[in-house]
Amino acid sequence: MEQSGKIGKEKLSCRGITKSFSSSSGNFEVLHDLTFDVYENEFLVLFGPGQCGKTTLLYMLAGLEECTEGEVFHNGEPVTGPAPSRAVVYQTMALFPWMTVWDNVSFSQKVRKAEKKVIAERTQYFIDLVGLTGFEKSYPVQLSGGMKQRVGIARAYCSDPDVLLMDEPFGHLDAQTRYMMQESLGKIWENEKRTIVFVTNNIEEALYLADRIILLSDCPSQIKKEYRITLPRPRSLVSPEFLKLRKEITEQMNMSD
Amino acid sequence: MKKKSKLKFQIISIISLIAFFAIWQLLTDVYRVIPSTMLPSPVKVLQTIGMKWSVKKPDGSTLPQHILASLQVSGLGFCLGAVIGVPLGVIMAWWEKADLSLKPVFDFVRTIPPIAWIPIMIVLLGIGVVAKASIVFLSAFIPCVINSYTGIKATKTVHIWVAQTFGGSKTRTLFKVAIPTALPYIFTGLKVSLNSSWGALVAAEMLGSASGLGYMIQMGRLLSRADLIVVGMIVIGIIGTILSAFLDSLEKIVVKGEVR
Ligand SMILES: Nc1ncnc2c1ncn2[C@@H]1O[C@H](COP(=O)(O)OP(=O)(O)OP(=O)(O)O)[C@@H](O)[C@H]1O
Ligand SMILES: [Mg+2]
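Residue numbers (my numbering), protein chains in the order written: chain C, 1 to 257; chain X, 1001 to 1260.
Hints were generated in silico from the structure; no laboratory data involved. Quick caveat, the model's predicted, so the values are computed rather than measured. All C-beta atoms, glycine included, are put in the ideal place defined by N, C-alpha and C. Among the hints, a few may not be true.
[To be verified] As a list, the in silico DSSO-like pairs of lysine-lysine whose alpha-carbon atoms are at most 30 Å apart:
#1 K1153/X / K148/C
#2 K137/C / K1252/X
#3 K1170/X / K110/C
#4 K1170/X / K148/C
#5 K1256/X / K1156/X
#6 K113/C / K1156/X
#7 K1252/X / K1170/X
#8 K1191/X / K1097/X
#9 K116/C / K1097/X
#10 K1006/X / K1256/X
#11 K1103/X / K1004/X
#12 K225/C / K193/C
#13 K1252/X / K1004/X
#14 K1252/X / K116/C
[Said to hold, decoys possible] Here are a few chain C residues that sit away from chain X, every Cβ distance over 10 Å (derived from the structure):
#15 E29
#16 N41
#17 L245
#18 T250
All chains should be built: construct the whole structure from the sequences, respecting the hints.
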């Protein structure tokens, strides 16, 4: 609405959402009065320092945490709880250790009681898409960190959500694997356009993937600034424009209000 | 390298077993440090096992009859305990209403040792199969409930969220997420139950019965036949080991992907 040059219609709308946790020592405000929209097929990155409430915000978008104040809307409907139309890739991956890669990825389709043939096709498609072909029968313990994150992403994609919410999905990876995963997520997203809200505290990752970056401040978090990233894809991490934006955002983040 | 060291330990354990029986034999038959009325020699025990295989004297039943009687009672009690105990623990852990209404009663009952029920059971139900099976049931039931309860409660919130965001109902989430998490705990419960129900059975048979391994041990004591007592103990040990091994291999088949 207040955004000019939007990509599509609003998918998610946050209106003045505030979150505080009550503890014995009183109320602890994590998020303060956030208002923003996520547009259709947009890759939105929520970028902020550690412990600023990124996970909490994402869970509120998912409907897993209640807003203390304000409201979240999905396609105009208020969000009151978790729903299959908003899939989450968790910071901790949260794969089911007792299920094979195949069963983890197909889980949402089975819960939905989809047709057997549809389940098989979809599951194989997304396993192939994240590059796990041949590991269908492996259990999570048998996979490397990067492979587990791929399973998490395939599982979320396979549920055919309207919006994908990803919480630092590459947070635990080494730089090399992380870069590889960013590259392949970029490709997956180009092939399977979705509305994605992606949380990170890594500036390169944010700039590499985002259509738009929302910069969050320290706790209690507020929106510090928004950046629309129009660099052509696939992006180069060393192009002058990239480096300039990187410097600008880093400086902005380290600046105290 | 790994295989070699495993073999080494197998050899060591066999040697220590042989040494154990050798010392036992030396202390009894050879040097007679311990009189045979107190502890029979291993050779004597083997002879008694061979004899009891078909002879009913002096306690009224052959060894296979005793084993069968004990297995029947413990099988009945253990199965009932598992079939009722595991679902009860699961239900109490998953549905808050069941937790609030049933848990206090259960928490009180579980503090009473099952063996303390024996006198009441004998008065109420006599010394037949039903009375003994009830004791076994109680001692199997309690660990089953506790462990399956703990297992369901160990389900990670984020795993429940995964199921919920994909539209899984409460019941479906139970079967797809909570029960797989709880399975290793449930098996621990079954193994503990097996041990304690086997123990309770022997106690029940010693106090009131006309057959069974516990009864045979009790008769051995009354008739001053130490060999019968030791035979009873050994057979109880062997059967317990076999049943535990069975549960272990069942667990390996059922529990997948290193849940814990
Ligand atoms: N359920 C809760 N109860 C109380 N406090 C909480 C709860 N969840 C989160 N917090 C607090 O809210 C703050 C933000 O947590 P959150 O996990 O959202 O941060 P984050 O930005 O995702 O951190 P990280 O970068 O480490 O992933 C933290 O200080 C945390 O202690
Ligand atoms: Mg987080």
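Checklist entry - For this structure, which hints from the list above don't hold up? => result Violated hints: 9 and 11; rest satisfied.
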